[in-house]
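Numbering-wise (the numbering used here), the sequence shown opens with residue 1 and increments by one.
It cannot be assumed that every hint is accurate.
[As the list claims (entries may be wrong)] Straight-line alpha carbon distances no greater than 20 Å define the calculated SDA-like cross-link-like pairs of lysine to any residue that follow:
{"id": "1", "residue 1": "K58", "residue 2": "I92"}
{"id": "2", "residue 1": "K42", "residue 2": "V70"}
{"id": "3", "residue 1": "K58", "residue 2": "G23"}
{"id": "4", "residue 1": "K58", "residue 2": "A87"}
{"id": "5", "residue 1": "K42", "residue 2": "R72"}
{"id": "6", "residue 1": "K58", "residue 2": "A24"}
{"id": "7", "residue 1": "K58", "residue 2": "R72"}
{"id": "8", "residue 1": "K58", "residue 2": "S14"}
[Stated by the list, open to error] Here are the computed distance ranges between Cβ atoms for each label pair:
{"id": "9", "residue 1": "N189", "residue 2": "D35", "range": "32 to 40 Å"}
{"id": "10", "residue 1": "E175", "residue 2": "S94", "range": "44 to 52 Å"}
{"id": "11", "residue 1": "E186", "residue 2": "S95", "range": "52 to 60 Å"}
{"id": "12", "residue 1": "Q5", "residue 2": "P83", "range": "25 to 33 Å"}
{"id": "13", "residue 1": "E175", "residue 2": "M84", "range": "19 to 27 Å"}
{"id": "14", "residue 1": "N189", "residue 2": "E50", "range": "44 to 52 Å"}
{"id": "15", "residue 1": "T34", "residue 2": "F156", "range": "17 to 25 Å"}
{"id": "16", "residue 1": "N189", "residue 2": "T55", "range": "49 to 57 Å"}
{"id": "17", "residue 1": "Q54", "residue 2": "V150", "range": "31 to 39 Å"}
{"id": "18", "residue 1": "G23", "residue 2": "T119", "range": "19 to 27 Å"}
Quick caveat, the hints were computed from the structure, so don't treat them as lab data.
Think of the CB as a built atom: it goes at the ideal place given N, C-alpha and C, for glycine as much as any other residue.
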Amino acid sequence: MPPRQAHTTSEGDSYCVDWFGSGADLYFLSHMHTDHLVGIFKQNGSVTGEWETQTGAKIVCSEQTKDLLVARGLPGSRVIAKPMGEACFVPIGSSGPTFVLINANHCPGSVMFHIAWDTLFNLHTGDFRYSAEIHGCPDVVTTIADVQNVYLDTTFNHESWDNCVVHGGGFPSREESIQLLIQLIERENPRGKREVYIGADSYGQERILQALQQHFGAPILVDADDKADLPLETQKVWQHWVDGHVGEMEGVALRPTSSHAARSLSGFVFRACVASNCNST
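Start from the sequences, fold in the hints, and give me the full structure.
Next comes the structure, spelled out in structure tokens:
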């Protein structure tokens, strides 16, 4: 859960990151997971009264996150989309923050924020997965050189990961996690005679499906009933697959069907489903 606090300048202007109920002058959204959207949407998924109007404080986010916010009903006039890696400025009163969006390597569109405003020089990580290739590059190192305060996501900063039996110690990388999953599937289902059910009820798990499809050359099936229950963000990414769009998810052969007849050359078939419907063998 992100920290719920406003950051205030010496002139009384304020901003918040991943919290939208404080009356701040400007808001920043790191990514589209539910625990970072508190104050924008009601429990039923509709936009709250404060945010359904066309006027008021705005939200700064990545271009992909804006696309998802608008798809869920937030007025586009309330959202400012910025590219990653560029110094940006938003005027607030007589001043305003200068900030840079940094790839958070979490889910599609996720970012960290380096924000400089008056005497504030803050880095807000949101949920992120460190990558030496992404976060150790000279551009990022230079960007965060003047940081005075780091607001750090510590979800998995726990000693239990130091002795992870499955991984052999330490928190596994995304690539290592996928390889462990592939090894598990090959061990438990060596000839591909059974369908493999994969829980995909959270935005950002699509990379797992992509990796499995590319390794096994197998189709990804989605039951029609399940698709309606999946998060809008996940449905939107999957629709890009169906439409044949290229990019981050290129190579996925998604088939939204309830048919059990489809088979791949390797024998494997993966059925993506919401967690509550993943109890089939």
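Okay, the hints, checked on the actual structure:
1. K58 to I92: Holds, because 11 Å separates the two Cα atoms, which is no more than 20 Å.
2. K42 to V70: Holds - the C-alpha atoms of V70 and K42 are around 15 Å apart, at most 20 Å.
3. K58 to G23: Holds: K58 and G23 sit about 11 Å apart, inside 20 Å.
4. K58 to A87: Judged against 20 Å, a Cα distance of about 18 Å means the pair holds.
5. K42 to R72: Answer holds: K42 to R72 is near 12 Å, not above 20 Å.
6. K58 to A24: holds, 10 Å
7. K58 to R72: holds, 16 Å
8. K58 to S14: holds, 12 Å
9. N189 to D35: 32 to 40 Å: holds, 34 Å
10. E175 to S94: 44 to 52 Å: With Cβ atoms ~48 Å apart, the hint holds.
11. E186 to S95: 52 to 60 Å: holds, 58 Å
12. Q5 to P83: 25 to 33 Å: Hint holds: Cβ distance 27 Å, inside 25 to 33 Å.
13. E175 to M84: 19 to 27 Å: Given about 21 Å between the Cβ atoms, the range holds.
14. N189 to E50: 44 to 52 Å: Check passed, 49 Å falls within 44 to 52 Å.
15. T34 to F156: 17 to 25 Å: holds, 18 Å
16. N189 to T55: 49 to 57 Å: holds, 55 Å
17. Q54 to V150: 31 to 39 Å: holds, 35 Å
18. G23 to T119: 19 to 27 Å: With a Cβ separation near 21 Å, G23 and T119 satisfy 19 to 27 Å, so the hint holds.
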